[in-house]
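Novice: Produce the entire structure from the sequences given, and follow the hints as far as they go.
2 protein chains.
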Amino acid sequence: MTKISSLALVEKPDTPFLAIDKNVMLRNIERMRKHIGSRSDSVTIRPHFKTLRTLDAAPYLLSDQSQPITVSTLKEAEVLAAVGYSNMTYAVGIAAHKLPRVQALLAQGVDCRIILDNQAQVTAVNDFCQQTQCTIAVMIELDCDGHRGGIRADDAELITLARQLQDGAAEFRGVLTHAGESYHCHDAQQLRQAAQAEVDAARLASQRLRDQGIACAEVSVGSTPTALSDVDLRGISEVRAGVYTLFDLVMYGIGVCQLADIAARVVTTVIGHNAERGWLLTDAGWMALSSDRGSAATWQDHGYGLVADSAGNLLQGLQVSQANQEHGVITRTDGKPLNIEDFAIGTRLQILPNHACATMAMHDHYQVFDDQNRHQIWSRIRGW
Amino acid sequence: MTKISSLALVEKPDTPFLAIDKNVMLRNIERMRKHIGSRSDSVTIRPHFKTLRTLDAAPYLLSDQSQPITVSTLKEAEVLAAVGYSNMTYAVGIAAHKLPRVQALLAQGVDCRIILDNQAQVTAVNDFCQQTQCTIAVMIELDCDGHRGGIRADDAELITLARQLQDGAAEFRGVLTHAGESYHCHDAQQLRQAAQAEVDAARLASQRLRDQGIACAEVSVGSTPTALSDVDLRGISEVRAGVYTLFDLVMYGIGVCQLADIAARVVTTVIGHNAERGWLLTDAGWMALSSDRGSAATWQDHGYGLVADSAGNLLQGLQVSQANQEHGVITRTDGKPLNIEDFAIGTRLQILPNHACATMAMHDHYQVFDDQNRHQIWSRIRGW
Numbered sequence: 272m273t274k275i276s277s278l279a280l281v282e283k284p285d286t287p288f289l290a291i292d293k294n295v296m297l298r299n300i301e302r303m304r305k306h307i308g309s310r311s312d313s314v315t316i317r318p319h320f321k322t323l324r325t326l327d328a329a330p331y332l333l334s335d336q337s338q339p340i341t342v343s344t345l346k347e348a349e350v351l352a353a354v355g356y357s358n359m360t361y362a363v364g365i366a367a368h369k370l371p372r373v374q375a376l377l378a379q380g381v382d383c384r385i386i387l388d389n390q391a392q393v394t395a396v397n398d399f400c401q402q403t404q405c406t407i408a409v410m411i412e413l414d415c416d417g418h419r420g421g422i423r424a425d426d427a428e429l430i431t432l433a434r435q436l437q438d439g440a441a442e443f444r445g446v447l448t449h450a451g452e453s454y455h456c457h458d459a460q461q462l463r464q465a466a467q468a469e470v471d472a473a474r475l476a477s478q479r480l481r482d483q484g485i486a487c488a489e490v491s492v493g494s495t496p497t498a499l500s501d502v503d504l505r506g507i508s509e510v511r512a513g514v515y516t517l518f519d520l521v522m523y524g525i526g527v528c529q530l531a532d533i534a535a536r537v538v539t540t541v542i543g544h545n546a547e548r549g550w551l552l553t554d555a556g557w558m559a560l561s562s563d564r565g566s567a568a569t570w571q572d573h574g575y576g577l578v579a580d581s582a583g584n585l586l587q588g589l590q591v592s593q594a595n596q597e598h599g600v601i602t603r604t605d606g607k608p609l610n611i612e613d614f615a616i617g618t619r620l621q622i623l624p625n626h627a628c629a630t631m632a633m634h635d636h637y638q639v640f641d642d643q644n645r646h647q648i649w650s651r652i653r654g655w
Numbered sequence: 272m273t274k275i276s277s278l279a280l281v282e283k284p285d286t287p288f289l290a291i292d293k294n295v296m297l298r299n300i301e302r303m304r305k306h307i308g309s310r311s312d313s314v315t316i317r318p319h320f321k322t323l324r325t326l327d328a329a330p331y332l333l334s335d336q337s338q339p340i341t342v343s344t345l346k347e348a349e350v351l352a353a354v355g356y357s358n359m360t361y362a363v364g365i366a367a368h369k370l371p372r373v374q375a376l377l378a379q380g381v382d383c384r385i386i387l388d389n390q391a392q393v394t395a396v397n398d399f400c401q402q403t404q405c406t407i408a409v410m411i412e413l414d415c416d417g418h419r420g421g422i423r424a425d426d427a428e429l430i431t432l433a434r435q436l437q438d439g440a441a442e443f444r445g446v447l448t449h450a451g452e453s454y455h456c457h458d459a460q461q462l463r464q465a466a467q468a469e470v471d472a473a474r475l476a477s478q479r480l481r482d483q484g485i486a487c488a489e490v491s492v493g494s495t496p497t498a499l500s501d502v503d504l505r506g507i508s509e510v511r512a513g514v515y516t517l518f519d520l521v522m523y524g525i526g527v528c529q530l531a532d533i534a535a536r537v538v539t540t541v542i543g544h545n546a547e548r549g550w551l552l553t554d555a556g557w558m559a560l561s562s563d564r565g566s567a568a569t570w571q572d573h574g575y576g577l578v579a580d581s582a583g584n585l586l587q588g589l590q591v592s593q594a595n596q597e598h599g600v601i602t603r604t605d606g607k608p609l610n611i612e613d614f615a616i617g618t619r620l621q622i623l624p625n626h627a628c629a630t631m632a633m634h635d636h637y638q639v640f641d642d643q644n645r646h647q648i649w650s651r652i653r654g655w
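So the sequence lines, in the order shown, correspond to chains A and B.
Using the numbering used here, the first residue of the first sequence is number 272, and each one after it goes up by one.
Using the numbering used here, the first residue of the second sequence is number 272, and each one after it goes up by one.
One or more hints might be untrue.
Incomplete in silico selection of chain A near chain B, CB under 10 Å [as the list claims (entries may be wrong)]:
#, residue
1, D285
2, T344
3, T540
4, E547
5, C628
6, R653
Keep in mind the hints are simulated off the structure, nothing from the lab.
C-beta atoms are modelled at their ideal positions from N, C-alpha and C, and glycine is treated no differently.
Specialist: What follows is the structure, encoded as C-alpha cells:
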C-alpha cells in the first residue's frame, strides 16, 4: 500500500487547511543539496522562494542570510531583505516601473539581480541607473527550449545587450535560463535532453560573451526536473529550483519524486455524499486546492488531486474529480460509484496537490508538523 | 469596437493588480435588484458574499446590516458579524467541528443559518444544540439538477430530516437549492429550464413539508444565471446570487452579460516579447489571474482571459493562452504571430477574467475606480 505520512494532529485545526510534513520537506531539501554537491564542488543552489514564500522556511533553504535565493516577486525580496537576507535574483523580466523598488533594495545593502531579455529593458535600466546614481546588477535571460521568453544563446543580440549593460550605468552580471519545457517531459531521456539543453545554452552564451571580452560572473540554470538530472555542470555557477522542496503530482508524473515525497497536502472533511452517483463531497474546493490541473499534462491525470486517509494511506482509485469554490467532489477514477459507507460524514482526508506552488498560494498559513507531531503555523508572504 | 471601461488611473499601482470598475459593479447590482423586483414583490435577494468578500462592498450589496447575505465560509460570517451584519446563511454543508463557531455567531445576536442534507449532520446538530443549549437554524439542501449535493425534493428523507430537526433541539428553517448545472447552459432555453427546475424543486419540497405540518419559513433558490431568468417566483422567499456583481467570461459565455458588464479585470504590464512566435509576455500569471479555465466549458474558450488595452478597447482575436506563476503569454487566437511592435515593453493591458470568484481570490486588495477615476483600495477577507 502506498503510504504518505500520517499527521496525527490533522484532527486539530478547522478544515480545510494546508499541512506540510516538515520532515519530508527537510528530506527533499537535503536530497537536492546532496545531488548538486555530488555533481559539482563549485555550483551553488539558489532555491526559488516562490513555492514556500514563508520566512519560517527560509532558514531551512539557506544556511545563512548571505546565501543566494531566487524570488518571483519584489514583495518576497522586500520581506526577506527586511530581516537580513541579502543575495537575491528577481527572476521575472523587469518592468521599468519596478526599478525604484529594486533601487531601495540596493540601498539596504541587498545584492539584488534583475533579469531582462530585450533592448527596451536594457535602455530603461541603464537610464534609471544613470539618473538615480545606482548600479543594478542584470542577468540576461536565455531561451533554451522555446518555452517562454529569453534570447537564444547563439543570437547576436545577446552580445549587443550585454555590452550595452557593461558600458552603461547598470552592471552586467551574467546569464540565466530555465528549462520550462521540462515540465512536459514524459521519460528519463526527454528529461536528460532538457537538462542538457539548459546547461548547453548557458555555457554557450557565457563562452560567447567571454570570447567578446565581456565578464559573465554568474551562469544560472534550473528547474526542479533538470536540477535533479545528472548532466555535467562544468561552466555553471548556480542551479535554481523551487518545487523540489515540497514536490507534487506533476513532479510525480514527470518521474522525479515518489508520492511519499510530496510534503504538502490539503486536509479536508467529508461534508456530504451523493449516494446516487457514489460521490463524496468535501469542504476543500478550488479555494483550498487551487484550480491547477497540471497533472492533466502528465502520463496520468489526477483531477484536482489524489486522496489519502488521515493515517496516510493512499486511497487507490480515488481522486478529486471536481472542485467548486468551497466543495470538492471525490469519485472513483473508473467511473463506478464509490462505497460511501466507508466514508462517514466528518471523516478527514488528505489531498495531494497537482502543483504545490499553486496550492500553497491559496493559503495564508501553513500547518507544519514534524515526526513528533509538533505543530507550527507558518505565514505566507502575499502579494506583489 | 467592443469597449470596456477605461481606467485612467491604471498607470498608478504596480502591476499586476486587480481593478474593479465601481460604476459597472453598481450597475450590475442595480440590474439584479430591478430584475428580482420586477418578478415579485415578496422575494428578497440574499447576495452571495463569496465573489467580493470585502467589507467595503457590503454596503452596496445590502441596504442595511439586518439585510440577508450568503457566505461560503464561517470566516466571512465572523468578519461581517464583527461589524454588525446579522442575517446570514452559511451555504456549505456543515461539518460538526464547525458548530462551536456557529454557536458563537448566535451568541453575538446573528441569525446564522446552516445547511445540511443527511442524517449524520442532523444528528450532530441536534446533539450539539441540546448539549450547548443553543438553537441553530437549519436549511435542508435540495438537489434540483444532480449537480453536487442535496436531497431530491420528492425524497422521503426530506420529511424525515425536517421532522427530526423540528422535533430536536435545532430549528428547521426551510429549504435551499442551487442550480449549479446552470453554469453549463448553452442557450436561453436550457437556462430557462434550469431556472424552472430550481424553483420547481424548492416549491415541491416546501409544499410536501407543509402538507406534513412542518413549517418551511424560507424557500431559497439561486445562481446568477437562473436569478436573471424570468421564471415565476411564486412560493419562493429569496434568491441567492454572487457573481452577478462583477460578471466574467463564463457568464458572458452563458449569455447573461455583455463584455462591458464585466467589472473586474487584472491590469498587467508587457515585460517581454517572443518575437519568433509572436507572443507577448506579461507580469500577470496564474498568481494574478487564477488557473480557472471556466470559459473552456462555454461556446468559446477564452484561455486565461480576454485582453483590452488601458483605454478599454477590447483587442479582438487576442487572449491569454498560457499562464505560469508570474508570467502570462498573450497570443492571437488564430495561431498566427501577433504584431509585437504594437505592444511596446511597458504597455499596460487589462485582462478580463474567466471566473471572477477565482480571480478575486488571488488578490488581498482590489483597486476600485469610479467614473471620476476616484480611487479606493478594498481589502479582501481571507481564509476559512
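Novice: Each hint needs a verdict: does it hold in this structure or not?
Specialist: Evaluation of the provided hints:
1. Of the supplied interface hints, the one on D285(A) holds, with its beta-carbon coming within about 6 Å of a beta-carbon of chain B, less than 10 Å.
2. Using the Cβ-Cβ criterion of 10 Å, the hint placing T344(A) at the interface with chain B is satisfied: the shortest such distance is roughly 7 Å.
3. A hinted interface residue such as T540(A) counts as satisfied when its beta carbon comes closer than 10 Å to some beta carbon of chain B; here the least separation is about 4 Å, so the hint holds.
4. For the restraint placing E547(A) at the interface with chain B, the shortest Cβ-Cβ distance is roughly 7 Å, inside the 10 Å limit, so the hint holds.
5. With 10 Å as the threshold, the beta carbon of C628(A) comes within range of chain B, its nearest partner Cβ sitting at about 6 Å, so the hint holds.
6. The beta carbon of R653(A) comes within 5 Å of a beta carbon in chain B, closer than 10 Å, and the hint placing it at the interface holds.
Of the numbered hints listed earlier, not one is contradicted by the structure.
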